[in-house]
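Asks: Sequence:
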Amino acid sequence: MSDWRAPLISAVCYRDPKAALRYLEAAFGFELTMLIEDEQGELVHSEMRFGNAAIMIGNEWSEDHKSPSSLGGKNTQTVHIQIDSDVDAHCARARAAGFEIMMEPATQFYGDRTYRARDPEGHIWTVAQSVQAVTREEAEAATGLKITGWV
145 MSDWRAPLIS AVCYRDPKAA LRYLEAAFGF ELTMLIEDEQ GELVHSEMRF GNAAIMIGNE
205 WSEDHKSPSS LGGKNTQTVH IQIDSDVDAH CARARAAGFE IMMEPATQFY GDRTYRARDP
265 EGHIWTVAQS VQAVTREEAE AATGLKITGW V
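Counting in the numbering used here, the sequence shown runs from 145 upward without gaps.
Heads up, a few of these hints could be off.
[Stated by the list, open to error] Pairwise CB distance ranges (calculated):
1. Leu289 <-> Lys162: 20 to 30 Å
2. Ile245 <-> Met200: 18 to 28 Å
3. Glu175 <-> Ala277: 22 to 32 Å
4. Gln226 <-> Arg280: 15 to 25 Å
5. Gln184 <-> Gln226: 33 to 43 Å
6. Gly242 <-> Glu175: 15 to 25 Å
7. Arg280 <-> Arg159: 20 to 30 Å
8. Asp232 <-> Val188: 29 to 39 Å
9. Met246 <-> Leu289: 18 to 28 Å
10. Thr251 <-> Lys218: 28 to 38 Å
11. Val188 <-> Thr287: 24 to 34 Å
12. Gly173 <-> Gln221: 20 to 30 Å
13. Ala277 <-> Ala163: 19 to 29 Å
14. Gln184 <-> Ala233: 33 to 43 Å
Hints listed in this document are in silico derivations from the structure and should not be mistaken for laboratory results. From a predicted model like this one, the values you see are computed outputs, not experimental measurements. Don't be surprised by glycine CBs; every beta carbon is placed ideally from N, CA and C.
Build out the structure end to end from the sequences listed, making use of the hints.
Replies: As structure tokens, this is what we get:
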């Protein structure tokens, strides 16, 4: 195992994790960094990397670890991806890889251009690119909300 480990890694369950590895690479450019298979060639564990982050892609393996497609489309988390450039092209790439675009790219009050997509098994992914610097005061004025801890 390499010396590099992300300090926080989400683990996402799929009915067909090998298909997920293919479409996550095609849609988002994730890089497969670890694949463990059993004697029958079934995926036991895998990890993908994106920049300085990582995600684990695995099978459904217990009643508590299921794909949204096995739970009527229900999600208990979404994964956010922050990219450096061209969120519109990124969205087109996700669409071409079979993702359902739930929200087309739009500039948000906090200065990110964001889109939201559902993968073929129902996981929801939010992708954003910072397109303008916005101060806390500007964000509060735009939303009417009180914001603490603006970075």
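Asks: State for each hint whether it applies.
Replies: Here's how the hints hold up against the structure:
1. Leu289 <-> Lys162: 20 to 30 Å: 43 Å, violated
2. Ile245 <-> Met200: 18 to 28 Å: Distance hint for Ile245, Met200 holds at roughly 25 Å.
3. Glu175 <-> Ala277: 22 to 32 Å: 30 Å, holds
4. Gln226 <-> Arg280: 15 to 25 Å: This hint holds: roughly 19 Å between Cβ atoms.
5. Gln184 <-> Gln226: 33 to 43 Å: Given a distance of about 37 Å, which is inside 33 to 43 Å, the answer is holds.
6. Gly242 <-> Glu175: 15 to 25 Å: 19 Å, holds
7. Arg280 <-> Arg159: 20 to 30 Å: 43 Å, violated
8. Asp232 <-> Val188: 29 to 39 Å: This hint holds: roughly 37 Å between Cβ atoms.
9. Met246 <-> Leu289: 18 to 28 Å: 23 Å, holds
10. Thr251 <-> Lys218: 28 to 38 Å: For Thr251 and Lys218 the Cβ distance comes to about 29 Å; the hint holds.
11. Val188 <-> Thr287: 24 to 34 Å: 45 Å Cβ-Cβ, so the 24 to 34 Å window is violated.
12. Gly173 <-> Gln221: 20 to 30 Å: Taking Cβ atoms as reference, Gly173 and Gln221 lie about 21 Å apart, which means the hint holds.
13. Ala277 <-> Ala163: 19 to 29 Å: Distance hint for Ala277, Ala163 is violated at roughly 39 Å.
14. Gln184 <-> Ala233: 33 to 43 Å: 39 Å, holds
Hints 1, 7, 11 and 13 from the list above are not met by this structure, while the remaining hints are.
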